[in-house]
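For the record, the sequence lines run as chains A and B. Using my numbering, the final residue of the first sequence is 818, and nothing's skipped along the way. Using my numbering, the final residue of the second sequence is 259, and nothing's skipped along the way.
No lab work stands behind these hints, which were simulated from the structure alone. Careful, some of the hints might be misleading.
With a straight-line cut-off of 27 Å between C-alpha atoms, the simulated DSS-like cross-links for lysine-lysine are [stated by the list, open to error]: (1) Lys627(A) / Lys154(B); (2) Lys196(B) / Lys217(B); (3) Lys627(A) / Lys75(B); (4) Lys217(B) / Lys175(B); (5) Lys175(B) / Lys75(B); (6) Lys510(A) / Lys124(B); (7) Lys191(B) / Lys217(B); (8) Lys196(B) / Lys154(B); (9) Lys196(B) / Lys175(B).
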Amino acid sequence: MPPKSQLYLFAALLVAAVASAFSGRMDPYFLDVALGVGISLVLAASLNLINGFTGQFSLGHAGFMAVGAYTSAMVTTVLGPQLGASAAVLQWAVFPASLILGGLLAALAGLAVGAPSLRLKGDYLAIVTLGFGEIIRVILQNVEAVGGARGLVGVPNYTNLFWTFGGAAVTVYVVWGLLNSTYGRGFLAVADDEVAAEAMGLNTTRYKITAFAVGSFFAGVAGGLYAHLKGYLNPSGFDFNKSIEIVVMVILGGMGKHVGVLIAAVLLTVLTEVLRKFGDYRMILYSVLLIVLMLTRPQGLFTWPLWKRKAA
Amino acid sequence: MPLPPLLQLANVTIRFGGLTAVSEVSATVNERELVGLIGPNGAGKTTLFNMVTGVYQPTEGEIRFAGEPTAGLKPFAITQRGIARTFQNIRLFPSLTVFDNVRVAFHLHLAHDAVHSLTRGPKFQREEVELRERTRELLSIFSLERVQDEPAKSLPYGDQRRLEIIRALATRPKLLLLDEPAAGMNPAEKVELMKLIQFIQEKFQLAILLVEHDMKVVMGICQRIHVLEYGRKIAEGTPAEIRANPAVIAAYLGKEHA
Chain A
507 MPPKSQLYLF AALLVAAVAS AFSGRMDPYF LDVALGVGIS LVLAASLNLI NGFTGQFSLG
567 HAGFMAVGAY TSAMVTTVLG PQLGASAAVL QWAVFPASLI LGGLLAALAG LAVGAPSLRL
627 KGDYLAIVTL GFGEIIRVIL QNVEAVGGAR GLVGVPNYTN LFWTFGGAAV TVYVVWGLLN
687 STYGRGFLAV ADDEVAAEAM GLNTTRYKIT AFAVGSFFAG VAGGLYAHLK GYLNPSGFDF
747 NKSIEIVVMV ILGGMGKHVG VLIAAVLLTV LTEVLRKFGD YRMILYSVLL IVLMLTRPQG
807 LFTWPLWKRK AA
Chain B
2 MPLPPLLQLA NVTIRFGGLT AVSEVSATVN ERELVGLIGP NGAGKTTLFN MVTGVYQPTE
62 GEIRFAGEPT AGLKPFAITQ RGIARTFQNI RLFPSLTVFD NVRVAFHLHL AHDAVHSLTR
122 GPKFQREEVE LRERTRELLS IFSLERVQDE PAKSLPYGDQ RRLEIIRALA TRPKLLLLDE
182 PAAGMNPAEK VELMKLIQFI QEKFQLAILL VEHDMKVVMG ICQRIHVLEY GRKIAEGTPA
242 EIRANPAVIA AYLGKEHA
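Kindly generate the complete structure, drawing on both the sequences and the hints.
Written out as structure tokens, the structure reads:
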């Protein structure tokens, strides 16, 4: 009998598959928003591992997302047609493989940034990761092979409810599973007091790098999903604002709360859609709402024990 | 041939810029020995601790643990070899529960890692159950199991001190370093602490190096005492010898009392 957590994962995957099968009957606008929500869930849950649970401050999540988005899109647009496979094979085999490849490259990027810069703490680490995200964006803008500043067009629309919500379920499972073990409590210990964690024999550098690599992996997967949802990629979509958007989800959800962060991801993604009818005032309203929320709930929106860390 | 001492410091010196904080200190701690390290404020006691635990690297001299030099090892690697410590100003994991504070310290002797946390196979689950049992056992020895689900920061001061010691014990050390465990305690609590330290030493069969300000505590329980002043070792001996040592009296009370 597999543990309960794995049964939940399979149940979630099943629901995503069923929902996906009926997506043809859904309102296209609703479907589009739902897919966007699924991608936000992946992004928020993965950043929560780095910023929330391990207590690091990454502002580069959009950069890792970009690595995954372009990798995955290049696989399906350039390599895909040469395979001569059927559409179904492309969507159900080549696409997921491209997502994983995108995730792996993003994780590599995460390692590359993480390894040297994790000796930095707080603001300094934030600045380095911010710089990294911008470097990625500028590189993409200048590489003609991936469309440069014009962007990458003609990415096939493979993203569906199964891949997004299945991806979200796997992300949540991985983050939850990592943390809910004696090994995984080390992430929380590192966040609480690094000196004490080191004195207890925890290799703090290794924990931080693991968090960065796993978090970046799923950022990359989210990027791949995003690419095949929009059908079009532009480097400016992965700028500093995008990273901030994800950080806000984590903070609003109550840093290091599994469920709270997921709720915040859903709310904020839907909110940007709801505010669309206010046209140019949208971002002003969004910012005002954030300020009000931070003034009234500085500890995060969802801080009651949505996920009590039980001992037994 | 006699066994080498568990911890051996040979002419250990550390300089921070022009300041020599600890100068040519040699000292030993044997297996299952309770040793005190005393000295006036600023004598270099905590600095010495930080060198033994790998926070600082000595500028000169050598530290050996169980016969092996510890030079270049990071703090976590030194803990893995069997030295655990507590801190002068308590450093628990404040937001973790009492239970998790101890549980995380068992990490050193884990067979599972990140991958097993995801596959969660039967072996992983058995180990987790066993660790919970051992954590609970350790907590119950010190009667802290009642508060095991509370966040560590919510404990009263004395319990936080005890929890820090329990957490250090969970790493299964051969040598336990206690940095001023009696700081901030009232006389009654100090008496209890002395009993606790002796109890731990006997129950877990380990060596303890105790940095302490409070003479009563040190004299009461230590088998041997090293005395530091201005970064130099000025005396070593049994409590009785130390009490009668003129250099020690001078260091603590001033020259005219010596």
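Status of the hints after comparison with the structure:
For the hint linking Lys627(A) to Lys154(B), the alpha-carbon distance of about 23 Å falls within 27 Å, and the restraint holds. A hinted pair counts as satisfied when its Cα atoms are at most 27 Å apart, and Lys196(B) with Lys217(B) qualifies at roughly 13 Å. In summary, the hint linking Lys627(A) to Lys75(B) is supported, as the alpha carbons are separated by about 18 Å, within the 27 Å threshold. This hinted pair checks out: Lys217(B) and Lys175(B) have alpha carbons roughly 25 Å apart, not beyond 27 Å.
Simply put, Lys175(B) and Lys75(B) have alpha-carbon atoms about 18 Å apart, close enough for the 27 Å limit, and the pair holds. The hinted pair formed by Lys510(A) and Lys124(B) meets the criterion: a straight-line CA distance of about 16 Å does not exceed 27 Å. For the hint pairing Lys191(B) with Lys217(B), the CA-to-CA distance comes to about 9 Å; that is within 27 Å, so the pair holds. Taken as a hint, the Lys196(B) and Lys154(B) pair is honoured in the structure, with Cα atoms around 25 Å apart against an allowance of 27 Å.
Only pairs whose Cα atoms come within 27 Å are accepted, and Lys196(B) paired with Lys175(B) is accepted, the gap being roughly 20 Å.
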